[in-house]
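Model the full assembly from the supplied sequences, consistent with the hints where possible.
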Amino acid sequence: MKTAATSAVMLLFAYSMANAESGIASYYHGIGRSGEMTCAHRKRPFGSMVTVSYRGKSIRCRVNDRGPFIRGRIIDVSTTAARALGILQLGVAHVVID
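FYI, the numbering for the sequence shown is -20 to -1, 1 to 78, going by mature numbering (1 follows the signal peptide of the UniProt record, and there is no 0).
Among the hints, erroneous ones may be present.
[Said to hold, decoys possible] Calculated pairs, SDA-like style, for lysine to any residue (alpha carbon to alpha carbon, straight line, at most 20 Å): (1) 37 <-> 51; (2) 37 <-> 18; (3) 23 <-> 11; (4) 37 <-> -2; (5) 37 <-> -1; (6) 37 <-> 11; (7) 23 <-> 33; (8) 23 <-> 51; (9) 23 <-> 12; (10) 23 <-> 68; (11) 37 <-> 66; (12) 37 <-> 68.
Think of the hints as simulated: they come from the structure by calculation, not from any bench.
So this is what it looks like as structure tokens:
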């Protein structure tokens, strides 16, 4: 028998999974203020915050640009965000976005 709390948790999980994306991320020199964690995304609204996760590290960055324009990539993060995620030396990495 499901309780209201169990139903609420399941609904929240389903909503979270519906908005999650995974794929290849790259980094760029961003158009935000120096040191700000920003990103470029094709569809998310400007000003929205996204959580980008890579190998146990997660950062929050603000969408302030469109892109990436290379097929197969789902997000471009600023240099500061790439450094915080640990993908600066890699150039590209498989990430999860919420």
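The hints, checked one at a time:
{"no.": "1", "hint": "37 <-> 51", "result": "violated, 25 Å"}
{"no.": "2", "hint": "37 <-> 18", "result": "holds, 16 Å"}
{"no.": "3", "hint": "23 <-> 11", "result": "holds, 18 Å"}
{"no.": "4", "hint": "37 <-> -2", "result": "holds, 19 Å"}
{"no.": "5", "hint": "37 <-> -1", "result": "holds, 16 Å"}
{"no.": "6", "hint": "37 <-> 11", "result": "violated, 23 Å"}
{"no.": "7", "hint": "23 <-> 33", "result": "holds, 18 Å"}
{"no.": "8", "hint": "23 <-> 51", "result": "holds, 15 Å"}
{"no.": "9", "hint": "23 <-> 12", "result": "holds, 18 Å"}
{"no.": "10", "hint": "23 <-> 68", "result": "violated, 24 Å"}
{"no.": "11", "hint": "37 <-> 66", "result": "holds, 8 Å"}
{"no.": "12", "hint": "37 <-> 68", "result": "holds, 13 Å"}
Checked against the numbered hints above, the structure breaks hints 1, 6 and 10 and satisfies the rest.
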